[in-house]
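Q: What follows is the residue order along each chain.
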Amino acid sequence: MLTEIQEGKTLNPVVKHITQEKINLYAEASGDFNPIHIDESFAAKTPFGGTIAHGMLNLAYVSEMMTSAFGRSWLSGGKLRAKFKEAARPGDTMTINGKIDCVEQKDDVSYANCSFKCCNQKGEAIVAGEAIVKISSGKK
Amino acid sequence: MQGNAVNYEELIPGYEFPPASYELSALLVSKYLQAVDGAGDGFVPPLAITACVIAAMSGSFSLPPGTIAIHASQELEFFKLVPIGATIECHTRVTQKITRGKMSMLILELEIFDQGNEKVQSGKATIALPT
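Chains as they are written, first to last, in our numbering: chain L, 1 to 140; chain H, 1 to 131.
These are computed hints drawn from the structure, not numbers from a lab.
Computed from a predicted structure; not experimentally measured.
For every residue, glycine included, the Cβ atom is placed at its ideal position computed from N, Cα and C.
Warning: the hint list may mix true and false statements.
Partial list, derived from the structure: chain H residues whose beta carbon lies under 10 Å from chain L [claimed, not checked]:
1) Glu16
2) Phe17
3) Pro19
4) Ala39
5) Pro45
6) Ala55
7) Val94
8) Lys97
9) Ala128
10) Pro130
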């Protein structure tokens with residue numbers, strides 16, 4: 001976990017390699033069997049030209065980065081807004097980066113406002129967004 | 001689910017899906033953690049809950065022929081952790097349906113509650129349907 005919550009602090013990045021096997025496992029775990037994710041012959045005929053990872057799989061990696069930085073403050077008091085900009089594909093290596101843009105005080109409570117971006121190995125942004133974590137309360 | 005699927009045309013702003021319950025079993029959590037290379041801590045990862053709810057909800061309506069559903073954006077707020085084995089209930093409603101040229105967008109609001117009727121998480125999913 002972060003020992004210092006301060007503006008400009010970067011979060012420890014998360015790096016993940018996407019494989020069709022992981023996508024299939026994710027489909028099995030979530031129950032999302034949309035053929036664009038798991039059926040290679042179907043996906044080949046779509047504008048994507050092949051299977052793509054579930055957007056929520058990439059978001060799970062964002063949550064891993066946030067959990068590593070903020071622990072349970074994230075898991076039970078986090079808020080996020082994400083846009084899925086491009087598709088992640090089997091073979092891609094995703095790097096998830098984030099930083100604390102500012103720390104805000106509202107009604108005796110501190111919030112860390114963060115931004116994050118998941119990029120593939122070509123540097124293309126796949127997912128980007130903002131996350132807010134309640135980090136302390138002055139109320140007893 | 002597809003047998004009782006609602007037609008996409010019936011999904012108009014204000015439409016509420018029937019409340020759906022899910023048991024967050026140890027097996028489900030274990031599969032999820034394996035899929036995301038995650039480490040468990042005795043609680044259900046919040047994103048596992050969201051993923052199951054979105055997948056089930058996406059499967060509860062039938063798409064126009066030749067259409068694929070793509071997750072375009074997601075907003076989420078986590079309120080409390082849920083222990084493994086808990087049952088949650090999800091309430092979903094359509095807030096917007098937008099058609100622009102060959103692209104249709106469906107915006108859904110989700111609210112998830114635990115067995116004590118306490119809110120676990122809420123969110124908004126935007127599903128794009130290019131034709």
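Q: Could you run down the list of hints and mark each one as holding or not?
A: To see whether the hints hold, each was checked on the structure:
no.	hint	result
1	Glu16	violated (21 Å)
2	Phe17	violated (15 Å)
3	Pro19	violated (17 Å)
4	Ala39	holds (9 Å)
5	Pro45	holds (7 Å)
6	Ala55	holds (4 Å)
7	Val94	violated (19 Å)
8	Lys97	violated (19 Å)
9	Ala128	holds (9 Å)
10	Pro130	holds (7 Å)
Hints 1, 2, 3, 7, 8 from the earlier list are contradicted by this structure; the remaining hints agree with it.
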